[in-house]
Amino acid sequence: DAGVIQSPRHEVTEMGQEVTLRCKPISGHDYLFWYRQTMMRGLELLIYFNNNVPIDDSGMPEDRFSAKMPNASFSTLKIQPSEPRDSAVYFCASSFPGRGIYGYTFGSGTRLTVV
Amino acid sequence: GESVGLHLPTLSVQEGDNSIINCAYSNSASDYFIWYKQESGKGPQFIIDIRSNMDKRQGQRVTVLLNKTVKHLSLQIAATQPGDSAVYFCAENIGGGSNYKLTFGKGTLLTVNP
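Heads up: the protein sequence lines correspond to chains A and B, in order.
The letter at position 102 of the first sequence is residue 102 when you use my numbering, and the numbering goes up by one with no holes.
The letter at position 98 of the second sequence is residue 1098 when you use my numbering, and the numbering goes up by one with no holes.
Since the hints were derived computationally from the structure, they do not count as laboratory data.
In this text, a Cβ means the ideal position worked out from N, Cα and C, and glycines have one as well.
Be aware that a few hints might be false.
In silico contact screen, one side only, chain A against chain B (beta carbon under 8 angstroms); selected entries [as the list claims (entries may be wrong)]: (1) Leu45; (2) Glu62; (3) Tyr104.
Go ahead and model the full structure; you've got the sequences and the hints to work with.
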């Protein structure tokens, strides 16, 4: 298995631009999570999906952030418009609790820099 | 004043020594705990987990201890190697039904000196 795949690995964008981060979970995993990591706040859960349905988006900072999961093998996290304070590493993770796999498998992350 | 950022606890050990990394969790209802290792430039990697009905669990070179009375978790790494240098996070989950969210601690930076 290729693991959780995220793209791009690095993204540099100007303030005000739209940014889209992508994630392909492990095949068969029915839970998908988006986390953000910064030095200030550590790892924060933004949103998670179960069977492509958003379950908890209470961690999404504000309306500028949106996430979708159109099918079991793809999810996006969009920021529009982006701001410098959005600079962080964004991680996607997946799991399959139904098989007792409560631990997440994380992707390698997307390092976002907004200038 | 405003925080300027996380100041990670650090632990520096000599190669071959045993390491103990500690974590205090806040929610007495948490029933599942995981330790993750994060190397520079990579995502967190699962190391070992433990359920709240256990006090101890062992893996390869690692042992997790859980003290529910004081809400404390520790990770012991035997014969620490340079490749163990990383940031280590504990994570907790309340569970119960369909809640599979993990809440992560701030992390501890482990440096292994050759």
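Going down the list of hints, with the structure as the test:
| no. | hint | in the structure |
| --- | --- | --- |
| 1 | Leu45 | holds (6 angstroms) |
| 2 | Glu62 | violated (20 angstroms) |
| 3 | Tyr104 | holds (6 angstroms) |
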